[in-house]
Amino acid sequence: MRLDAAIADVRAAETAVLNALALVGARHEGDHDVVHMTRTLRRLADANVVALAPAAERYGATRDPGPAPVLPRTPDAGLALLHDLRALHLRYAEASIDWVLLGQGAQAARDAELLDVVSRCHAQTLRGLKWTVTRLKEAAPQALTS
Amino acid sequence: MSVQRVDRIANPWGTRTPVGPGEPWPERVDELLAEGAEPERWVQTASVLHSDGDAYDVAVQDGRIVGVRGRGADRVNRGRLGPKDAFGWQANASPDRLTEPLLRRDGELRPVSWDEAMDAIVARSRALLEERGPGALGFYTSGQLFLEDYYTLAIIARAGIGTNHIDGNTRLCTATAGEALKESFGCDGQPGSYEDVNHADAIALFGHNVAETQPVLWARMLDRLEGPSPPRLLVVDPRRTLPARRADVHLAVRPGTNLAVMNALLHEVVANGWVDEGYVAAHAVGFEELRETVAPCTPEWAAGICGVDADAIRAAARLVGTAQRLLCTVLQGFYQSHQATAAACQVNNLAILRGMLGRPGCGVLQMNGQPTAQNTRETGANGDLPGFRNFANDDHVADLARVWNVDPLRIPHYGASTHVMQMVRYLEQGTLPFFWVSATNPLVSLPEAGRIRSVLASDRVFLVVQDLYLTETARVADVVLPAATWMEKTGTFTNADRTVHLSEQAVDPPGQARADLDIWLDYARRMDFRDRDGGPLVHWHDPESAFEAFKACVADRPCSYEGITYARLREGSGIQWGGERLYADGRFFAAPDECETYGRDLLTGGLLDETEYRALNPDGRAILKAADHVPAPEGPGDAHPLRLNTGRTLFHFHTRTKTARAPQLQAAAPDVWVELAPVDADRLGLAEGDLAEIASARGRIEARVRVGGVREGVAFVPFHYGWWDAPDRPSRAANELTITAWDPVSKQPLFKTGAVRVTKLADGGGRPAPAPTNTASAPVDGDVPETRGGPQAEVAERLP
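Quick mapping for you: the protein sequence lines, in order, are chains A and B.
If you read the first sequence in the numbering used here, its first letter stands for residue 26, the second for the next number, and so on.
If you read the second sequence in the numbering used here, its first letter stands for residue 82, the second for the next number, and so on.
Quick caveat, the hints were computed from the structure, so don't treat them as lab data.
Errors might be hidden in some of the hints.
As the list claims (entries may be wrong) - Simulated DEER-style distance windows between Cβ atoms:
| # | chain 1 | residue 1 | chain 2 | residue 2 | range |
| --- | --- | --- | --- | --- | --- |
| 1 | B | G531 | A | R27 | 49 to 59 Å |
| 2 | A | G55 | B | G871 | 45 to 55 Å |
| 3 | A | R27 | B | P712 | 33 to 43 Å |
| 4 | A | A134 | B | G531 | 55 to 65 Å |
| 5 | B | R185 | A | R145 | 53 to 63 Å |
| 6 | B | R207 | A | L151 | 43 to 53 Å |
| 7 | B | V861 | A | R98 | 49 to 59 Å |
| 8 | B | R191 | A | P97 | 47 to 57 Å |
| 9 | A | G55 | B | L114 | 47 to 57 Å |
Everything numeric in this text was worked out from a predicted model, so none of it was measured.
We put the beta carbon where it would ideally sit given N, CA and C, even for glycine.
Based on the provided sequences and hints, a complete structural model is requested.
Here you go:
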């Protein structure tokens, strides 16, 4: 049984999302919607980590999520928002695929309780993923042409 | 028939004409003529100071307007006038109208010819297009111009310049109405009709202080309330508005918690089996997700968040859950607050769950604030493509390109149009150096006024302002264009229940002022915009040809104006597009190939794509969209313990550019005030009339205190008061205080969610606050003199 590793991967990925959300919100205080939405999304990611805790305990997933990631800085404000949201998007993508893997494992292990957690939490991660795509598409035309 | 004279400042809704269920609303023709006036002719028009669409004629004598009279035959008002209809026209003749173009030279605005002004605008437009491309130019228009104006601006911006930066100040008033309809029904379009008031057995007003925003619509409701078999009334509003005083149930929720109370109401509707399961099964998708979302939202849960009694929520749910003919209306209390679209969608959900659509008395009115807001949505002068086309649907874009005879790539459709708050960000960052503002006053009306001032007054922005007066915004412009106003130009506009009215030119504009349509036609000519065959892109030349061009653009769209012509509007009065009610057959404009949007996640605004929408809603049903309540971006804390709620008063409109110039209206509400509940006033040592400072994390204002009917923990400040007529005082604009934040779906700013501190500055010395006493701002102190207009405010009412 290697579900402990899959759980630890999800937790690390969601923690990376949390850190990236905090960083993006702090760096782009002039983009007010980004500040407010990253705060809302942190609540969702926080809740995901909390929801995973009982399963982590049951499977003994004790691996530390590791240090917060570093996002490189871009001097141009418009491009900086693109780069940072893109980095956030990739964190979400990683968390999303980790939920998929954990979900497959939970099905194989016939762990209905864990499967329920995965299905609820993954939906929230996908919501963050979708927001980053939407916001990136909104920001790109002006940042890349003006 | 009898005629009586009524002080319509003291009694803004006039004399009652009670009516029973299903009966037609009686005529009551209101008339006001200036002293000694002998009108030579009467000219047809409708309201421009609110969204009700009251139809009336203005009296003309010696080239001047001398009075007004309601149109008894019109379906909207049956002859009635609201106070702004009765008195607002006087502002047209104000001596401080702009009469010549102004151009900034050596730091000062100086009079120039039209040629010089337009040359300056065209030169800057061309230079920026060449150097930086279309994304360097932005247009911000209004909710008060005419359909013909908007449509012309939309083609100029979208296909002439080719910019995606076009929005209206409708973003502040009606954006959430449009978005909520799109999310729930796949497409914009008001489902209900004002006639539903006459048939309903229950009316629910969600954040809609109808007595002040649409006084004639409230008169219609009052006539039902005072007639036989009156409807039951539910009001959700943090203030004790006049409708709240008449309500069977009033939920005075904390600002920023609308979604929580709505989810609790839906929880009760589901839990008590009040769902029309047949209707939902046949006509909606998404019920399972909605049921799961509202399952934990008990009245007790919502009571804690919203600060209202759980039993009152139950009573409210019973009222809407057991009604046989339920009419729901929604306005700024929801639209300008936290989770605006999500909350407004839950009202749509209520109607869908109960099967209350498309039948007499069963309707939803997602209201507008402004008279012509509906037209910005239809013409594409706000965030949408013309004719409710879907920017993400290539066929819709190709169809628009066919109508305009341009390459589809010339019309930006890589996303929704840039909303005004994002344009402000681009102005701030320097990537949008050209900004053309028409018929709106963003320096006073946009949130966080200090920020807006610094952005718009910056040398980096070439600011064009097209207006009637030297507004706060015009004062910092680089070019000021004097515009003709309502009654000085011809055009059509559409009210909140899809009624189209014609407004004819009655008098000449002052000096060299020009009609907005003529200004933009002139700009299009000078810019030499061409279609793909080399013909003129804008091929119309006057209001009627512009109207016909718009009709061709929307001919196959849900908002088709087929059959509506200037001639028919002249012969009769207002005509609804789409008929009395939309969706009578439970059929929506929601099929994947037809819908205006593939939808957004209500919590984040994240866009769904075509594939997701096809999977969700292949048959084009109504969509029950759900969302969880989350806390607002800013709540009360130690430094700022009160919740700020900004809003309007009956007697003013927007930033008072017109209403302050109408003596009766100005006298009724002459200055800013702050409204507090008695318990909060006591705690702060404040009494009626005391001068207080209201401060947020962003700014401060001073205002006199009205101890009134707002709920505990809330400070209400009217947003109308700028500084053009109080230049020597510190700013009194409510937006000095408001937060820069907007709804993630509709992008409507959160004017009604923020935190402030109120402290006493000086004793009032027995002088009351300058707030009306016969509106939501009524005082608790019975000694305050009542609001009166006197003989100047008397209107003749011809009763049946």
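Evaluated hints:
Look at G531/B against R27/A: about 57 Å separates their beta carbons, and that is inside 49 to 59 Å. Look at G55/A against G871/B: about 51 Å separates their beta carbons, and that is inside 45 to 55 Å. The hinted window of 33 to 43 Å between R27/A and P712/B holds, with their beta carbons roughly 39 Å apart. Between A134/A and G531/B the CB atoms are about 58 Å apart, so this pair conforms to the stated range of 55 to 65 Å.
A hinted range of 53 to 63 Å holds for the C-beta pair R185/B and R145/A, which are about 58 Å apart. Checked against the hint of 43 to 53 Å, the C-beta distance between R207/B and L151/A comes to roughly 46 Å, which is consistent with it. A beta carbon spacing of about 56 Å between V861/B and R98/A agrees with the range 49 to 59 Å that was offered as a hint. Between R191/B and P97/A the C-beta distance comes to about 50 Å, which sits within the given range of 47 to 57 Å.
The hint said 47 to 57 Å for the Cβ distance between G55/A and L114/B, and at roughly 54 Å that hint holds.
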